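> With these hints in hand, go ahead and build the complete structure from the sequences.
If you want the building blocks of each chain, they are given just below.
4 protein chains.
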Amino acid sequence: MNQTSKSYHCRTVEELTRELRHFAGERDWDRHHTPKNLASALIVEAAELLEHFQWLSQEESQDLAPEKKKEVAHEIADVFIYLTRLADRLDIDLMAAASEKMGLNAIKYPPKTHT
Amino acid sequence: MNQTSKSYHCRTVEELTRELRHFAGERDWDRHHTPKNLASALIVEAAELLEHFQWLSQEESQDLAPEKKKEVAHEIADVFIYLTRLADRLDIDLMAAASEKMGLNAIKYPPKTHT
Amino acid sequence: MNQTSKSYHCRTVEELTRELRHFAGERDWDRHHTPKNLASALIVEAAELLEHFQWLSQEESQDLAPEKKKEVAHEIADVFIYLTRLADRLDIDLMAAASEKMGLNAIKYPPKTHT
Amino acid sequence: MNQTSKSYHCRTVEELTRELRHFAGERDWDRHHTPKNLASALIVEAAELLEHFQWLSQEESQDLAPEKKKEVAHEIADVFIYLTRLADRLDIDLMAAASEKMGLNAIKYPPKTHT
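Residue numbers (the working numbering), protein chains in the order written: chain G, 1 to 115; chain L, 116 to 230; chain H, 231 to 345; chain C, 346 to 460.
Calculated from the structure, these hints are not laboratory results.
Heads up, some of the hints might be wrong.
Claimed, not checked - Straight-line distance between alpha carbons at most 20 Å, and here's what the computed DMTMM-like set of lysine to aspartate or glutamate pairs gives:
(1) G:K69 to G:E51
(2) L:K223 to G:D28
(3) L:K227 to G:E26
(4) L:K223 to G:E71
(5) G:K108 to L:E186
(6) H:K331 to C:E396
(7) L:K185 to L:E215
Said to hold, decoys possible - Now the in silico label distances, taken between C-beta atoms and shown as ranges:
(8) G:D91 to H:A326: 44 to 50 Å
(9) C:T458 to L:G140: 55 to 61 Å
(10) L:P181 to C:H354: 53 to 59 Å
(11) H:E289 to G:K68: 43 to 49 Å
(12) G:R11 to H:R248: 28 to 34 Å
(13) H:D323 to L:H124: 28 to 34 Å
(14) C:H367 to H:A326: 32 to 38 Å
(15) L:I222 to H:P341: 37 to 43 Å
(16) H:D293 to C:D373: 47 to 53 Å
(17) C:L449 to L:E141: 37 to 43 Å
(18) H:K236 to L:P226: 53 to 59 Å
(19) G:Q58 to C:G448: 22 to 28 Å
(20) C:R376 to G:A65: 47 to 53 Å
(21) L:G218 to G:L104: 31 to 37 Å
Since we're looking at a predicted model, the values are computed, not measured.
Cβ coordinates follow ideal geometry from the N, Cα and C atoms, glycine included.
Structure follows, in structure tokens:
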């Protein structure tokens with residue numbers, strides 16, 4: 001059996017967190033995965049994502065060709081992977097942090113009222 | 116009842132996606148939330164996250180004071196929020212994209228074998 | 231005389247390099263100014279620059295109000311300062327590197343020919 | 346004579362600015378070179394620069410192999426090129442902006458006094 005052909009089907013952030021922890025462990029990456037390094041790796045992936053859009057118009061950015069969209073999905077995945085890994089290394093709950101921040105944003109940016 | 120004091124308890128990426136869609140809709144933000152702009156906003160938040168670590172040693176970055184960790188959690192949340200929003204606008208499934216990318220990474224970086 | 235009110239009038243990259251070296255020395259910053267940290271600080275400033283443009287249309291980005299333009303000039307300056315400092319720490323000549331890269335770009339992107 | 350083999354020897358920011366303006370003009374790039382797009386391109390290059398350092402220790406980042414240093418010099422050049430181009434498009438004087446910002450930094454961060 002070829003270990004490298006393993007496929008993943010993570011359905012929750014917790015599952016993804018566990019799989020990434022295992023993945024890093026198997027490769028002896030933990031000593032490289034400090035929060036400082038992971039925050040750098042994350043922004044590098046965020047830039048690879050932005051690169052796809054840098055010369056596009058707003059309209060073009062909303063209407064990607066299938067091949068391009070596939071590449072963009074991979075870059076989005078890379079950002080998500082490093083973000084999940086960083087949160088895990090800092091013992092931060094991603095879903096709880098996002099929920100709390102949404103509450104703060106709701107106060108900072110009240111919804112438009114209709115008269 | 117004060118709408119702005121609403122609290123959020125998203126447990127899944129799907130729920131977060133729906134809440135963010137509703138949040139943007141209530142504020143008439145959809146016309147600003149093009150993929151091009153969201154990819155920019157995402158990297159700006161990734162930089163605010165990195166800023167916390169830029170002058171720290173690797174060791175210091177693993178041992179944040181509670182107040183600092185709280186701020187870092189908010190920045191992580193901001194990145195996650197924009198990432199989720201961008202994936203939604205492009206009709207990309209975050210969990211599926213991450214799983215697929217992990218499979219590719221497993222091929223690219225085979226685990227260390229122990230002899 | 232108040233040292234902190236010193237004003238600077240650098241006319242060349244060499245002069246800026248020397249002043250920044252002196253500035254860092256006076257503040258005992260050299261041990262923090264490793265290439266790794268400076269590359270992080272540089273991208274953080276690049277993000278503060280991008281932040282001014284993230285929700286603007288292309289047209290709006292070309293027509294900044296004077297107060298906004300002043301803020302953008304400060305962010306551009308911050309990027310330039312860290313870039314100069316990083317080049318100095320790596321003993322790289324900024325003007326020579328840019329000239330060499332332009333030569334490579336000229337080969338990679340030949341000018342449009344008019345028939 | 347082959348135009349694409351042109352070599353550049355810019356000695357000042359002004360000269361680099363003029364050459365880049367000419368370079369963009371010859372390629373009909375001005376309509377893409379809005380401040381918004383250039384600020385994105387700049388941060389993408391800043392990330393390619395950071396990528397070289399992301400898994401290095403502080404010490405390793407100060408002691409690059411010659412081949413690596415060459416690559417880093419090219420990334421530094423790319424950041425400098427987009428920065429110069431952006432300043433030009435906004436009619437901002439790079440050297441003057443850096444000098445002014447250094448004056449502000451000198452007030453914000455007074456030098457250590459020795460007793």
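> Work down the list of hints and note, for each, if the structure agrees.
Quick rundown of the hints versus the structure:
| no. | hint | verdict |
| --- | --- | --- |
| 1 | G:K69 to G:E51 | holds, 13 Å |
| 2 | L:K223 to G:D28 | holds, 15 Å |
| 3 | L:K227 to G:E26 | holds, 7 Å |
| 4 | L:K223 to G:E71 | holds, 16 Å |
| 5 | G:K108 to L:E186 | holds, 16 Å |
| 6 | H:K331 to C:E396 | holds, 19 Å |
| 7 | L:K185 to L:E215 | violated, 31 Å |
| 8 | G:D91 to H:A326: 44 to 50 Å | holds, 47 Å |
| 9 | C:T458 to L:G140: 55 to 61 Å | holds, 56 Å |
| 10 | L:P181 to C:H354: 53 to 59 Å | holds, 55 Å |
| 11 | H:E289 to G:K68: 43 to 49 Å | violated, 25 Å |
| 12 | G:R11 to H:R248: 28 to 34 Å | violated, 58 Å |
| 13 | H:D323 to L:H124: 28 to 34 Å | violated, 56 Å |
| 14 | C:H367 to H:A326: 32 to 38 Å | violated, 19 Å |
| 15 | L:I222 to H:P341: 37 to 43 Å | holds, 41 Å |
| 16 | H:D293 to C:D373: 47 to 53 Å | violated, 22 Å |
| 17 | C:L449 to L:E141: 37 to 43 Å | holds, 40 Å |
| 18 | H:K236 to L:P226: 53 to 59 Å | holds, 57 Å |
| 19 | G:Q58 to C:G448: 22 to 28 Å | violated, 38 Å |
| 20 | C:R376 to G:A65: 47 to 53 Å | violated, 22 Å |
| 21 | L:G218 to G:L104: 31 to 37 Å | holds, 36 Å |
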